[in-house]
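From these two lone chains plus the hints, build me the complex, please.
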Amino acid sequence: MSDQNIIELKDVEKRFGSFVAVSDLTLSLKQGEFFSLLGPSGCGKTTALRIIAGFQDHEKGKITIDGVPMKDIPANKRPTNMVFQSYAIFPHLTVFNNVAFGLRKSRLSKAELDQRVNEALDMVELTGMGGRKADELSGGQRQRVALARALVMQPKVLLLDEPLSALDKNLREAMQLELRRLQQSIGITFVMVTHDQYEAMTMSDRIGVMFEGKLMQVDRPEVLYAQPCNREVAAFIGGMNFVPAELIKEDGDQLQIKAAGFGTLNIDVNPNVRERGSALLIGVRPEQLEIAATKPEGYDSTIEGTIANVAFYGESVHYYVEVEGLTDVVSVAVPNYFHTVDYKSGDKVWLGLQNSSIIDLGKG
Amino acid sequence: MTRFRRYLPGLPAYAFAYLVFLYTPVLLLPVFSFNDGTIVAFPLKGLTLKWYAQLGAQETLIRALFNSLIVGGIAALASTSLGLFAARAYVRYRFPAKEMSEGLVMLPLVIPGIIVASSMLIMFVSIGLKPSLTAVILGHTFLALPFAVSIMKSAFDEFDQSLEEAAYDLGETIIGTFRRVTLPIVSPGIIASLLVTFTVSFDEFVLAFFLSGNQPTLPVYIWSQIRFPAKLPNTLALGSILLLASILLLVVAEYFRRRTSKTSI
Numbered sequence: 001m002s003d004q005n006i007i008e009l010k011d012v013e014k015r016f017g018s019f020v021a022v023s024d025l026t027l028s029l030k031q032g033e034f035f036s037l038l039g040p041s042g043c044g045k046t047t048a049l050r051i052i053a054g055f056q057d058h059e060k061g062k063i064t065i066d067g068v069p070m071k072d073i074p075a076n077k078r079p080t081n082m083v084f085q086s087y088a089i090f091p092h093l094t095v096f097n098n099v100a101f102g103l104r105k106s107r108l109s110k111a112e113l114d115q116r117v118n119e120a121l122d123m124v125e126l127t128g129m130g131g132r133k134a135d136e137l138s139g140g141q142r143q144r145v146a147l148a149r150a151l152v153m154q155p156k157v158l159l160l161d162e163p164l165s166a167l168d169k170n171l172r173e174a175m176q177l178e179l180r181r182l183q184q185s186i187g188i189t190f191v192m193v194t195h196d197q198y199e200a201m202t203m204s205d206r207i208g209v210m211f212e213g214k215l216m217q218v219d220r221p222e223v224l225y226a227q228p229c230n231r232e233v234a235a236f237i238g239g240m241n242f243v244p245a246e247l248i249k250e251d252g253d254q255l256q257i258k259a260a261g262f263g264t265l266n267i268d269v270n271p272n273v274r275e276r277g278s279a280l281l282i283g284v285r286p287e288q289l290e291i292a293a294t295k296p297e298g299y300d301s302t303i304e305g306t307i308a309n310v311a312f313y314g315e316s317v318h319y320y321v322e323v324e325g326l327t328d329v330v331s332v333a334v335p336n337y338f339h340t341v342d343y344k345s346g347d348k349v350w351l352g353l354q355n356s357s358i359i360d361l362g363k364g
Numbered sequence: 001m002t003r004f005r006r007y008l009p010g011l012p013a014y015a016f017a018y019l020v021f022l023y024t025p026v027l028l029l030p031v032f033s034f035n036d037g038t039i040v041a042f043p044l045k046g047l048t049l050k051w052y053a054q055l056g057a058q059e060t061l062i063r064a065l066f067n068s069l070i071v072g073g074i075a076a077l078a079s080t081s082l083g084l085f086a087a088r089a090y091v092r093y094r095f096p097a098k099e100m101s102e103g104l105v106m107l108p109l110v111i112p113g114i115i116v117a118s119s120m121l122i123m124f125v126s127i128g129l130k131p132s133l134t135a136v137i138l139g140h141t142f143l144a145l146p147f148a149v150s151i152m153k154s155a156f157d158e159f160d161q162s163l164e165e166a167a168y169d170l171g172e173t174i175i176g177t178f179r180r181v182t183l184p185i186v187s188p189g190i191i192a193s194l195l196v197t198f199t200v201s202f203d204e205f206v207l208a209f210f211l212s213g214n215q216p217t218l219p220v221y222i223w224s225q226i227r228f229p230a231k232l233p234n235t236l237a238l239g240s241i242l243l244l245a246s247i248l249l250l251v252v253a254e255y256f257r258r259r260t261s262k263t264s265i
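Those protein sequences? They're chains Z and Y, same order as listed. All residue numbers for the first sequence refer to the working numbering, where the first residue is 1 and numbers rise by one. All residue numbers for the second sequence refer to the working numbering, where the first residue is 1 and numbers rise by one.
The following block holds chain Y by itself, in its conformation from the complex (with noise of 0.2 Å):
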């Protein structure tokens, strides 16, 4: 059988050389972050471990990365306690309306983010609001919603609805069924959709920029920090231990959200 050339010559070349300049940056990244100089240029000066030493001494950092984790931590539980709800009447019930609804959930995905952060900064303060950690709590579960629904629709769509209904028929109660059937059935999902959340709101630069006031998260903590040249390094150190525990997350998150599917019989 004759194998039809279906795409023009020069195509692998153009998509290689397209992820040489996608990943190219974010691998300069780590490289930099072991240089022992400080300033960013080749040729390199000489390996060293001392900016990622330096950082555990950095007070207002690990201040930023708690706050961070605070933020991720609950913006991540209650996106996704909202995404799991939500998805399941999604999957479950027709309602009026709920085409709209879906795709207002999903909206987030697709406003620019200067937009919410402007608009959430001047509704907070006009409720009264000041722009705080609770202020980015709210914004990045906002945020992260879209991707909790997304994840944990996908976790229901497996799911047989007579599995509910029969732990109802054996005498449980509508809170019991869900606790001792809907949930542990649906766990992966949940797994996969906190990991997922975490990593948005820990990421997220715009909205905690407007919204932290003088409780920076971690990006935040590295945009103020990137202004002086001698702490760049510690900046660079700082932002390979993240890339690398997002990339963990993720792929955490993927092994989880794949064993939803395969769990439901």
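Looking at chain Z on its own, in the form it has when it is part of the complex (with noise of 0.2 Å):
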């Protein structure tokens, strides 16, 4: 990855009749990286895909690929190729001719063709299938077609409209890790569009989380997890319980906050917050919530409560636990490590905090 980059997108709006899909899209994409865009389905974000591919116009902004305007340029001339979400391979044409089809245009020598598709055919782990028809493939088969179809003509920017959501759980997160050493080898910037958190924070160097046409928040999957900017793409991105609070004081980094249960508190003032006022929200991830049968040693803050109800997820056990002066129960979870469920419904436990574990975000 560079820091040169290779999109940029400014302030694009994009309505159908009076909805508007996508308002004020302002966002830069780095040479070589992978950028998600992660969203519930509805908020704009395949719109603004397709506006990149040059499958839709947009009204307003301006968009530039590799320092060219795209402005009067056509989807089948721009440096882009994209990976559709049904594969569309072309049923009447084998897994070669598939993959040939944009090059037939280039006027290559048969020997360069055979070796470009071949090459293609390899990079996507499909070496010697080119002769089956489309029928004949399996979903990831399809996907990989799709891939090595859009490779092979070395596009700057590869678009890719939710890749894996035909395919089942286990190819689906086989597919997640492949793609992404694919994307590093061959070095290209990777634009996907997905609504699915896990997918897009295993894959991707940044993601760009988008509600109702607007970009909230961009950054790396680690920061959109411990910092989201608010309310909103804090529920999206993992659990998260929200208690709402007071602020009592605010001093450079750092808020001292009255919060509902929970009492005074002091916590990290979190840089992605854009508006704040007397009333704030914040979060808790469960995992980084303590639960024990006695009071807790060593916790900036505890609190006491019934477990309400008890949800065994494998990897880890969710309690759901009842504390006085909350309205919402408080989700717990404890990494599975022993085998065993340590708590019921109606038992009283304690639950231990620490400040650092505490997100502010924002006005509440």
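Be aware that a few hints might be false.
Claimed, not checked - Ranges between beta-carbon positions, derived for each pair:
#	chain 1	residue 1	chain 2	residue 2	range
1	Z	L171	Y	S81	40 to 46 Å
2	Y	Q161	Z	E315	37 to 43 Å
3	Z	F16	Y	S101	19 to 25 Å
4	Z	F16	Y	F21	53 to 59 Å
5	Z	F16	Y	E158	53 to 59 Å
6	Y	R179	Z	D57	22 to 28 Å
7	Z	E212	Y	M123	51 to 57 Å
8	Y	F178	Z	S109	23 to 29 Å
9	Y	L8	Z	L171	53 to 59 Å
10	Y	Y18	Z	S165	51 to 57 Å
11	Z	G314	Y	R179	49 to 55 Å
12	Y	I62	Z	S109	51 to 57 Å
13	Y	S101	Z	Y313	52 to 58 Å
Hints in this document: simulated from the structure, not taken from any laboratory. Note that the Cβ used here is the ideal one computed from N, Cα and C, for glycine as well.
Here it is as structure tokens:
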């Protein structure tokens, strides 16, 4: 990855009638990065991708790819290629001819064309499968063909529209790692659209989270998880306990607050928060709470509660704890180290919390 | 589990009788075409193929057949081409007055043929187009269009739009995309539409009768021959051949129409 920007979007806006699909989209993507646009369905992420590809016009704003303004450049002339959600494998052509489709225009000699196509097939581990018909392929193979067909064009940017959503769970997880490895080995910029937070986090260098046509936050996965800019982003990525609080004192990068149930706390200012008032919202990740039968030692804050529900997830156990002063139950995730479920509904427990694991989410 | 009788006891017999009533006349046609006698009545006088053998020697018949092939061929090409583009637009795009336009395209299926025929005759004559094969071709294209549109619509219904986008994305032009992706994928539908629209035109009588002038198509020729009792067995033989050919064409068309839905993945 280099610091040079390959794609720049500035104030891009797209409306369908009175519906604003994408608004004020400003984003710079670096050469060689794996970038994901993450958001719930209907948030405008696919529209944004199609605007970059040239399939969708846009009313306002500017797009440049590798320094060239994309206005008036149609999709078939852009240095981008796309992997479609349905893969769009041409059903009347063999695997070889699917991959060779875009090269036929480029007047390569037959030997060069064969070589390029075979290299692309090797890259996606479909060596020797060129003769297969499209309807003889499994879901995973179709996806590889779609990848090879796009990559053989040597695009500056590869666009992927929910590329793994049609695969079953095991294959999807294997392909996540493989796509990531492929992207790193060829070094071109990938822009992926997904609604799956885990997919986005495992594969991406950076993630842009979109809600209702607006880009909320762009950051590395671990920053998004640790310092989400607001409640929506925090709720969309991972589990989160939300607790209302009041601001007592703001002191540099420290906030003194009074949180419902937990009492007075000193927490770090979250640099991603844009708005802050006297009413605040804080968040605590379920896995960062300690749960114990007796009052735990060494925590900045402890609180008593009653187990309302237990959910066994396999790799972890989730306890849902009722705490006086809080309307929502507090969710606590405990890694399943010893194959035991230690508490049951109705048990009295203590929760322990460090100030450093409390996330400031700004205005409540 | 109890099987419920969900129908009245007489219904299967009624259905059988109905089919007999419907198809006996059609079956009588080939039967009498082999009869060694000019009077169409039982008992048959013996079997012969001479009525078939004589067909080849009748010059006006051959000319009428040729006319029908030309009209059917051109009308099939024209209505299928129009149907192809119309169907793609109907399936892919939303545009003002789309429902009305679809309804209008389908209208020839329900307007009485005699009305269409007489109004077309009046219109063609008033714009200076004399009754001729050209007039029949125009009329038949109009008549066959609803068949072409509905067959092509079912072909496009199964067609994933991102296939065209993928081709365009890979650097093809809009026309190249149509030629290299759209056309091959809907080609079974195109073949089915060509066969069906050809059959529609080939069998059509009323419009052809009004518009063909002194260049009769085959159905018009057959009608003109029915008045001469001596020629009747020839007409029956010809009719039997047409019957067989129409059934064959429609079976082949149905085969291709079903293939359309299978090829899209």
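Hint check:
At roughly 43 Å, the beta carbons of L171 (chain Z) and S81 (chain Y) sit within the given window of 40 to 46 Å. The beta-carbon spacing between Q161 (chain Y) and E315 (chain Z), approximately 41 Å, falls within the hinted interval of 37 to 43 Å. Separated by about 23 Å at the C-beta atoms, F16 (chain Z) and S101 (chain Y) satisfy the suggested range of 19 to 25 Å. At about 57 Å, the beta-carbon gap between F16 (chain Z) and F21 (chain Y) stays in the expected band of 53 to 59 Å.
For F16 (chain Z) paired with E158 (chain Y), a C-beta distance near 26 Å fails the hint of 53 to 59 Å. About 25 Å separates the C-beta atoms of R179 (chain Y) and D57 (chain Z), a value consistent with the hinted range of 22 to 28 Å. The supplied range of 51 to 57 Å is met by E212 (chain Z) and M123 (chain Y), whose beta-carbon atoms lie about 56 Å from each other. Under the hint 23 to 29 Å, the C-beta atoms of F178 (chain Y) and S109 (chain Z), about 27 Å apart, fit the expected range.
Judged by the Cβ atoms, the range 53 to 59 Å given for L8 (chain Y) and L171 (chain Z) holds: they are separated by roughly 55 Å. One distance hint, 51 to 57 Å for the beta-carbon pair Y18 (chain Y) and S165 (chain Z), holds here, with the actual separation near 52 Å. With their beta carbons about 53 Å apart, G314 (chain Z) and R179 (chain Y) fall inside the hinted range of 49 to 55 Å. Distance hint check: the CB atoms of I62 (chain Y) and S109 (chain Z) are about 54 Å apart, consistent with the given range 51 to 57 Å.
Against the hinted window of 52 to 58 Å, the Cβ-Cβ separation of S101 (chain Y) and Y313 (chain Z) comes to about 55 Å, which satisfies the hint.
Violated hints amount to a single one, hint 5; each of the other numbered hints is respected by the structure.
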